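Whenever a hint applies, use it, and build me the whole structure from the sequences.
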Amino acid sequence: MKLHEFQAKEILAEYGVPVPRGRVARTPDEAAEIATELGGKVVVKAQAHTGGRGKGGGVKLANSAEEARHAAGEILGMQLVTHQTGEAGLPVHSVLVEEQIDIARELYLSIAIDNSAGKPILIASAAGGMDIEEVAGKTPEAIHRQLIYPHCGFQPFQGRALAFAIGLDADLLRPAAELMGNVARAFEENDGAIVEINPLVVTGDGRLIAADAKFSTDDSADFRHPRLTELRDTTQEDAREVEAHEAGIENYVKLDGDIGCLVNGAGLAMATLDAIKFEGGNSANFLDIGTANNPEAVVTALKIICEDPDVKTVLVNVFGGLARTDIIAEGVVQAMTSGMLTQPTVVRLAGTNVEEGLKILDDSGLNVIRADGFAEAAQKSVAAAAAASKG
Amino acid sequence: MAVLMNEDSRVLIQGFGGAGQREAATSLAFGTQVVCGVTPGRGGQEINGIPVLNTVREGVEQYHANVALIFVPAPFAADAIIEAADSGIPTAICITEGIPTLDMVKAKAYLQQSATRLIGPNCPGVIAVAEKARAGIMPVEVYMPGNVGVISRSGTLVYESVDQLTRLGIGQSGSLGVGGDPVIGTSQREALELFQNDPNTAAVVLIGEIGGTAEQEAADYIPEMTKPVVAFIAGATAPPGRRMGHAGAIIAGKAGTASAKQQALRDVGATVVESPSLIGATMQQVLQAQGLT
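Protein chains in written order, with our numbering: chain L, 1 to 391; chain E, 392 to 684.
The set of hints was computed from the structure by calculation and includes no laboratory data.
Computed from a predicted structure; not experimentally measured.
Using N, Cα and C, we set each Cβ at its ideal position, and we do this for glycine too.
Please note that the accuracy of each hint is not assured.
To be verified - Here are a few chain E residues that face chain L, going by a calculated C-beta distance under 8 Å:
#1 Gln453
#2 Pro491
#3 Pro573
Here's what the structure looks like:
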């Protein structure tokens with residue numbers, strides 16, 4: 001789950017990480033009020049789940065409460081378009097109003113999971129305020145890393161090593177190591193997926209401060225963080241995805257094609273999108289139904305798919321392992337007989353209980369387009385979508 | 392023998408609930424020795440003729456179990472993995488999906504100082520076809536004995552590629568699902584090593600996915616192999632920054648894209664398949680070209 005910058009900073013501050021003074025505002029008046037509290041000179045930052053907010057017009061400097069009110073008025077309610085959001089952009093319902101800080105140096109600090117090592121890794125660079133992947137590509141020697149050992153946790157020497165590597169002065173070694181230890185603790189205790197502080201600023205008077213912060217958490221650990229799950233902002237997500245999530249379908253991603261896909265298993269679901277593309281079509285969504293234990297779960301998933309106005313054709317591609325193809329077939333039949341699923345529907349079943357599954361489709365007498373094998377399933381759904389869009 | 396499993400494999404099932412019982416029945420019918428189930432607090436019972444125990448250690452001591460197959464729910468699964476390793480069992484296979492990554496970080500750290508090899512989590516398990524040894528959730532009817540090994544991050548893509556091979560009359564030595572999570576016990580590279588060292592395997596299908604760099608690390612090993620590798624990377628059409636079902640399947644940088652992985656595999660001589668429906672046919676061509684059929 002992604003958090004907003006202000007939420008990320010609140011969590012980091014609880015762990016003793018220095019952040020700029022400031023608060024979140026939801027109206028221009030609130031923004032002006034906060035600016036007054038902070039002495040007038042502030043930065044007003046759009047809160048949206050994307051990077052590149054400055055370039056998209058979502059970050060403005062203000063030198064008085066009035067200017068802050070004006071800036072907030074411009075930012076609040078905008079659809080923020082950045083290189084990460086796509087054309088539609090993301091809605092902005094809140095702004096973070098913060099003191100302006102006197103920047104002497106911009107550094108980079110993050111912590112994430114190193115999949116290969118199977119451990120959290122702290123990454124630091126003197127090249128702050130830039131796209132870190134670009135830095136890693138052009139000047140890999142400017143990126144410094146320390147793995148965190150799970151049995152002993154982050155150690156101060158690791159922080160000092162990183163602090164030396166990014167050229168901090170001797171009097172900042174200890175504060176930097178302490179800050180890194182605190183970030184590591186915030187990451188571990190909240191089941192972080194990534195925490196990124198970019199830039200980590202050295203101020204003119206020699207203090208370290210997290211000027212920007214990004215925090216994402218591990219969805220698999222939501223069950224032990226009830227407080228974090230309350231921070232979820234569904235306005236930053238696709239409406240259909242939120243609906244799918246609320247219906248208990250975790251693995252639905254909206255895409256821009258016209259073939260709705262219901263597949264079991266993440267790998268097969270991704271490969272189905274690939275096969276459709278290979279045959280010249282485009283998928284309207286990714287959906288991994290997982291182990292559907294009852295036909296109702298299949299009907300719910302089909303509802304999410306076929307209510308999408310982009311969907312011209314539905315492809316059900318299930319290779320049963322733990323999932324049973326007879327349950328899938330039952331769900332398809334229910335969705336069609338109830339009149340809910342009206343688009344041409346291609347069904348490919350294989351694996352567990354496939355004879356029973358195919359028999360259910362046959363016995364229903366419904367006009368299901370049967371496909372034998374993966375290639376045929378992709379070809380038939382692309383053909384059906386092409387026919388449907390011709391009308 | 393194929394990799395990790397053979398006629399002497401004695402499977403213990405941790406988390407002996409509905410799914411565990413159903414898969415135990417399928418494995419028994421296939422010819423695998425499923426020797427006991429473990430559900431703490433249910434010790435002393437017997438379900439479908441299989442004794443239920445309280446601890447993995449009892450299974451190792453009393454029933455000589457040498458493979459632990461784990462179905463324990465995600466919040467408790469890391470504990471189950473560590474219990475399996477603590478009992479000294481040589482192979483643990485974890486099917487469970489959705490284990491918190493930091494739980495796996497701890498479990499993996501424990502495993503690294505134990506003698507236990509972990510497969511998974513979030514995987515379909517391991518099967519040795521001719522040896523009729525199955526520890527997992529794969530449908531057995533799609534397999535036929537032969538000399539192709541299949542490695543995959545995804546379960547359903549194991550079934551898909553095995554099915555394509557079988558329909559073309561190409562049998563399999565076995566399959567190994569490494570799992571779709573970010574932190575896993577056995578990497579694709581290690582899985583390649585296992586099949587390279589398996590005398591019954593002549594060629595390998597490797598099915599990767601977007602996200603991470605595990606395919607590039609597997610590619611680094613391919614020059615050391617004498618057996619041909621046919622590879623497919625799922626997710627070529629997936630948008631960046633989105634988690635595609637598997638916790639590990641998210642493009643977070645250039646190395647995580649399908650094209651970067653395909654290139655790394657091509658560079659070391661693997662045959663990379665563009666469409667998932669051509670995995671079987673491509674392996675057929677490779678086997679014929681190398682005289683391995």
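Query raised in the report: Under the criterion of a CB-CB separation shorter than 8 Å, is Pro491/E in contact with chain L as hinted?
Result: The hint holds - Pro491/E has a Cβ within 8 Å of chain L, the shortest such distance being about 4 Å.
Query raised in the report: Any CB of chain L closer than 8 Å to the CB of Pro573/E?
Result: holds (5 Å)
Query - Restraint satisfaction for Gln453/E [CB to CB of chain L, less than 8 Å] - result: violated (29 Å)
Consistency note: the structure conflicts with earlier hint 1 alone.
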